[in-house]
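K.L.:
Next come the chains, spelled out residue by residue.
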Amino acid sequence: MSEMKKIKNLKEFSTSADRFEGANLLCPGCAHSIIVREVLNATNDDLILSASTGCLEVCTAVYPYTSWDASWIHIGFENGSTAVAGAESMYKALKTKGRLKQPDRNPKFVSFAGDGASYDIGFQWISGCMERGHNMMHIVLDNEVYANTGGQRSSSTPIGSSATTSPEGRKSYGEKKNKKDMVSIMAAHHIPYAAQVAPNKWKDMVKKIQHGFSVDGPVFINAVSPCTTEWKFDPKDTMHIADLATDSLVFPLYEIIDGHELNITYRPKDVVPVEEYLAAQGRFKHLFKDEHKYLIKEWQERVDANWAYLNRREEARV
Amino acid sequence: MAKKGWDEFEIGAMLRTFNGKIDDIAGTHQENRAYSENSSFVASVADWRINKPVFNKDFCIDCQFCWIYCPDVSIMSRDKKMIGVDMDHCKGCGICVEVCPTNPKSLLMFSEKADEETELAAWPAKNEEKK
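These protein sequence lines are chains A and B, in that order. One point on numbering: in our numbering, the residue at position 262 of the first sequence is 262, and numbering is uninterrupted. One point on numbering: in our numbering, the residue at position 80 of the second sequence is 398, and numbering is uninterrupted.
Simulated from the structure, these hints should not be mistaken for lab results. Ideal Cβ positions, reconstructed from N, Cα and C, are used throughout, including at glycine. A couple of the hints might just be wrong.
No more than 25 angstroms apart at the CA atoms, straight line, and that leaves these computed lysine to any residue pairs for SDA-like [what the hints assert, rightly or not]:
id, chain 1, residue 1, chain 2, residue 2
1, A, 5, B, 349
2, A, 8, B, 347
3, A, 11, B, 381
Which chain A residues stay away from chain B? Per the calculated CB distances, all over 12 angstroms, these [what the hints assert, rightly or not]:
id, residue
4, 91
5, 96
6, 135
7, 166
8, 172
9, 179
10, 232
11, 254
12, 261
13, 263
14, 296
15, 302
16, 308
The following block holds chain B by itself, in its conformation from the complex:
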């Protein structure tokens, strides 16, 4: 898209989210949609993050709490299974970690620079302490 100066903006604008015709959006998952360059789906806010969530599927019980409470549509769930975190759109708020009910948690926050493999290998053990 051509860059415009501050005094050249449109007074009003209409943006199309998709390229071409689309019939059933509510039944089409993100990977099968033809997003246009105007959808914020093609943008990224990955550089907002200071901490990132790391997903350990060994402990996940697919309760989907992280999916429903994610403010940034970044928890990918397909066929009732949690399959991972969308790192282009995650802002690193940490809500998913807070709402995760498993012991130990299946999602934990680490520094953005942390290595995922190392952290997964050193995942904390079950916390036996009764609340």
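The shape of chain A in the complex, shown without the other chains:
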């Protein structure tokens, strides 16, 4: 194994040479590229990347341009993870046979996908990759909606959010189903590492990504990615929304090692009420009408219950 890149503070981190280029076509203020940059800069090793269909893919590979400075492949909506798993298997086979030209370079295998390509469409493929034990990392850029095709609901869309296929109206309050708990599902594959990260906590993110690179086996990372277009907020507020998401515990940051050992990695000093998180986004605007106000209370109760559950699991080590 090659030596891990040392990142003590942000100044040291800022000497990294980016392997992701500007002039991609992502919206101004998109959190996708912030997450991608933090991941790619966490290592100096070679990278073998893929992206499933989604905002990241259609915006960074518009023929004749590519925004990637590393080996990158896109095939279909569902099989970004298996493309990387295949490359990893080939690499392992060639290494065993001694046919690699530079066997001492330790490439890292990473597949990026949106929540649509991970929670819904590519679910079976990712589950397969985790089960077969490839030495790869799957990163979900979770913006809770099919943002690329115009904001349809995915199984990651939370209750009360207005999406184009579950819009709010005279009777409806928007999406009616709760978000799928993907990290727990993936941890139940007993993979060595599963974690939830957020772009505003860069140090936590880099630590988790580096841990993910250092373990042998599949790694699953769920990254919250505030979407200015579909969550309906001003592009300059991306980091503010991410702060609200982590500080209101809507997106608790934690890791699960070997499928059972849960650690909470970030405990906010001042927990923000969920109401503030909802109020900052246009997709939850209708929840503040009198007839829907009970949903905000339910939201808070759900988030509190989840936080208590995570704390119990951390304590019990199961």
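Given chain A, work out where chain B should sit, using these hints.
P.N.:
Chain B only, in chain A's frame:
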């Protein structure tokens, strides 16, 4: 690159980001790389901007918050110092201004047509108000 019609596109394509061989990308900064015409680095999204960020280095403390949170790789940092904004790739989202912790801010948004020299001369003074 030759223009192609809508029915003449390749079914699949492989693009090379760099001209010639490259060994250590992670250790080579953008100005020293040999980008090919297929890298989006050679393209520009400057015409997306309505507002542009202006950098005032007098107040900068090199905390690098703008560097890490820039979605478009447009904050140029070399040797732990913030040296400016890459105006070819900046889309004018304004995140860098929001995350800037100095007082007054070392980055502020102005209209795309604003004159940088004038704005720098009229930079707002320190805000004494306690939060």
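K.L.:
Are the hints correct? Go through all of them and say.
P.N.:
Against the structure, the hints come out as follows:
1. 5/A with 349/B: holds (22 angstroms)
2. 8/A with 347/B: holds (20 angstroms)
3. 11/A with 381/B: Distance ~7 angstroms between residue 11/A and residue 381/B Cα, so the pair holds.
4. 91: Nearest chain B Cβ is 18 angstroms from residue 91/A, so the label holds.
5. 96: For residue 96/A, whose nearest Cβ neighbour in chain B is about 25 angstroms away, the distance exceeds 12 angstroms, so it holds.
6. 135: holds (20 angstroms)
7. 166: Residue 166/A is indeed farther than 12 angstroms from all Cβ atoms of chain B, at 28 angstroms.
8. 172: Per Cβ check, residue 172/A is outside 12 angstroms of chain B; nearest 32 angstroms; holds.
9. 179: For residue 179/A, whose nearest Cβ neighbour in chain B is about 24 angstroms away, the distance exceeds 12 angstroms, so it holds.
10. 232: At about 15 angstroms from chain B, residue 232/A clears the 12 angstroms cut-off, so the statement holds.
11. 254: holds (22 angstroms)
12. 261: holds (29 angstroms)
13. 263: Holds: least Cβ distance 24 angstroms, greater than 12 angstroms.
14. 296: holds (26 angstroms)
15. 302: Non-interface label on residue 302/A holds, nearest chain B Cβ at 29 angstroms vs cutoff 12 angstroms.
16. 308: Since the minimum Cβ distance to chain B is about 31 angstroms, residue 308/A lies beyond 12 angstroms and the statement holds.
In summary, the structure agrees with every hint in the numbered list given earlier.
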